[in-house]
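Asker: The residues making up each chain are set out below.
2 protein chains.
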Amino acid sequence: MYRFKPELRIPGPVPVPNEVSLQMAKPMINHRGALFKEHYPKVLARLGPLFGTTNQIHMITGSGTAGMEVAVSNLVSPNTPVLCLVGGFFGNRWAELCAAYGAELHILDFPWDAGIDPEKVREFLKHHPEIELIFVVYNESSTAVLNDVEAISKAREGHSALLVVDAVSALGGTPCQMDAWGLDVVVSASQKCLMTPPGTAFVTFSPRAKEYSQKCRASRYYLDLRRYDQYMEKSETPFTPNINNVFALEEALNMIEAEGLDNVYARHRLMRDMMRSGIKAIGLELLVADEDASPTVTGVRYPNADGFRARLRERYGVEFAGGQGIHANNIFRVGHMGYATPLDVLTALAVLEMDLKKFGQATKAAELVMEA
Amino acid sequence: MYRFKPELRIPGPVPVPNEVSLQMAKPMINHRGALFKEHYPKVLARLGPLFGTTNQIHMITGSGTAGMEVAVSNLVSPNTPVLCLVGGFFGNRWAELCAAYGAELHILDFPWDAGIDPEKVREFLKHHPEIELIFVVYNESSTAVLNDVEAISKAREGHSALLVVDAVSALGGTPCQMDAWGLDVVVSASQKCLMTPPGTAFVTFSPRAKEYSQKCRASRYYLDLRRYDQYMEKSETPFTPNINNVFALEEALNMIEAEGLDNVYARHRLMRDMMRSGIKAIGLELLVADEDASPTVTGVRYPNADGFRARLRERYGVEFAGGQGIHANNIFRVGHMGYATPLDVLTALAVLEMDLKKFGQATKAAELVMEA
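Residue numbers (our numbering), protein chains in the order written: chain A, 1 to 372; chain B, 1 to 372.
Mixed in with the good hints, there may be bad ones.
Identical copies go unnamed one by one, so any copy, or any two together, can satisfy a pair.
[Stated by the list, open to error] Derived pair list, reagent style DSBU-like, types lysine-lysine, alpha-carbon separation capped at 30 Å: (1) K234 x K5; (2) K280 x K234; (3) K215 x K358; (4) K5 x K42; (5) K357 x K26; (6) K357 x K210; (7) K210 x K126; (8) K280 x K42; (9) K42 x K26.
Hint data in this document are derived by calculation from the structure and do not stem from the laboratory.
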């Protein structure tokens with residue numbers, strides 16, 4: 001029907017603005033030359049306000065998971081006691097990564113439709129003074145839950161464990177205050193709220209995390225943070241980076257700064273609220289309660305969701321994401337992050353309404369809209 | 001002088017053809033969607049003739065070094081006896097990687113201006129039946145040497161060690177016959193002769209190497225080959241890849257196939273021969289003898305080479321690479337790979353001639369050219 005203009009509404013990769021895309025097509029330059037050295041440290045510094053930190057931010061050529069593994073491979077030695085807070089697919093990825101590095105793995109499991117309870121973390125830590133590292137996901141995109149990492153950080157109280165945060169689908173869409181909240185490591189990636197193409201991860205360590213990482217005995221080379229620190233002294237990367245992505249990110253940051261960070265965050269909250277109101281009005285069931293809802297992605301319960309998604313893609317060119325893990329085929333997820341506006345939320349809701357109406361699943365909102 | 005049109009003549013990243021660059025700016029798509037799944041396995045299969053293999057080729061979002069680490073982290077367990085053949089900066093990188101993974105490291109050192117002698121490899125292996133893995137660089141771009149990996153492979157004779165080859169700056173510029181030569185692992189990257197932007201590595205394992213990797217005990221996750229194999233079954237990558245790079249590579253392969261692989265290799269040999277004849281005619285000293293010369297990059301001895309390079313960049317917009325390791329500041333290197341033609345070799349030689357003439361270092365060729 002409208003397939004000639006595809007509408008990507010998945011929680012990453014997100015549509016890339018033309019201004020950003022065109023940077024990807026710029027002529028190749030030397031990554032050891034003056035132009036790269038001029039732009040690279042500046043771009044990374046401009047990410048500081050998004051992370052809420054004055055710590056050095058590093059760029060890794062790789063997927064978001066490569067960024068997560070920078071954290072694990074520079075912190076987790078064999079038998080290091082770690083706590084993974086698992087309430088979804090990406091929390092589980094932390095646990096898999098820690099297991100791959102031979103950690104003494106403790107897992108606190110939480111329901112895959114609600115936020116992580118800081119009280120349970122506090123209680124666990126009280127009885128486990130040996131834990132050295134805690135791994136958590138800020139925005140669990142698999143469940144569309146925003147976890148309260150500030151409260152989780154505080155739940156440590158006097159406990160010395162470092163807090164490592166996956167902010168891949170949060171950064172740039174919702175406030176992150178690494179320094180103020182006492183987060184020790186924060187990881188993110190390019191293809192979510194930063195609205196640049198996939199292939200770049202970002203990692204930043206607090207001074208305490210960097211100090212702790214000195215004793216790490218894990219095998220690592222490409223992801224060894226020490227090399228990135230060493231080369232940063234001459235404004236370079238240790239290995240040939242995806243050069244144009246630096247310029248793409250620069251352009252994306254131009255757009256984010258022009259809108260203003262607070263306005264960017266407000267836009268994401270508005271999209272969340274619109275999406276949730278619309279889903280309720282249509283008569284579908286939200287996966288997550290209001291208080292735990294993500295500002296960047298919304299999960300909707302739906303039987304045989306994958307068939308439904310295929311129909312929407314086929315008929316309207318609108319692409320939603322499916323469920324992961326225990327939610328496979330029983331939810332769909334609508335991304336509203338990065339290069340997305342409230343108008344994009346309206347169209348996402350419109351195709352849901354139109355389709356449900358057309359196929360005899362009339363809903364209250366559909367009645368109102370379609371029969372007006 | 002001509003700086004408004006920069007001429008990148010370094011051994012990677014190389015200039016990217018516009019046809020390829022524009023693929024980088026195409027609209028973002030879902031990496032779990034039909035379009036990606038359709039193109040991804042086809043593009044990888046088209047790399048088969050360049051690697052000279054029917055083995056599955058995998059694409060890793062990362063620098064070439066990430067590809068090298070796929071080899072090491074999937075093969076080297078603590079105390080695995082390995083042999084690294086080191087005749088340059090990237091041979092040394094193999095040794096560093098193996099050391100990082102706790103190998104029992106044996107190094108055969110070769111001069112940094114000549115090819116690796118297969119006889120010395122044969123001799124070493126005769127006395128070291130315990131060696132399980134041999135690491136070598138096909139085209140050592142730091143010294144502009146092309147190693148005879150076919151002869152090195154044969155030098156194993158009855159020895160069971162697997163041969164792991166870094167073909168980063170060779171693949172697509174000179175023939176590689178993985179299967180016929182009995183290579184067990186071959187690694188390459190996008191930003192050299194494949195003339196696509198940096199950020200993608202390629203890795204392929206022989207059945208014997210894959211079998212051997214099953215017993216590997218190294219910690220790995222992002223670079224775990226098993227995950228790539230598993231996801232390949234559904235024509236996907238385990239982690240969000242740099243999607244547009246797949247389409248860029250597709251376009252580059254269109255160009256390579258249109259020219260014909262044999263013609264591509266002949267073009268590289270011609271550029272090598274032209275460059276070497278020109279350098280000799282100018283009266284400068286080549287780093288490497290004819291029989292070991294790389295078809296993709298040429299090294300030239302020059303005192304205070306970095307100052308000279310800066311002047312060439314400043315005056316003519318032509319960028320050569322410097323020396324690495326023991327060659328720092330005493331050689332310069334001219335890349336002639338990928339999107340490069342014999343005309344580009346002529347202009348590289350021309351600026352050398354003009355500059356040496358202008359600054360009083362008249363040479364025979366400069367006399368001829370400048371005073372004609």
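Asker: State for each hint whether it applies.
Answerer: Okay, the hints, checked on the actual structure:
no., hint, result
1, K234 x K5, "between (44 Å within a copy, 26 Å between copies)"
2, K280 x K234, "neither (54 Å within a copy, 35 Å between copies)"
3, K215 x K358, "neither (62 Å within a copy, 56 Å between copies)"
4, K5 x K42, "between (35 Å within a copy, 25 Å between copies)"
5, K357 x K26, "neither (46 Å within a copy, 34 Å between copies)"
6, K357 x K210, "neither (56 Å within a copy, 53 Å between copies)"
7, K210 x K126, "within (25 Å within a copy, 46 Å between copies)"
8, K280 x K42, "neither (44 Å within a copy, 43 Å between copies)"
9, K42 x K26, "both (19 Å within a copy, 26 Å between copies)"
In summary, the numbered hints that this structure violates are 2, 3, 5, 6, 8.
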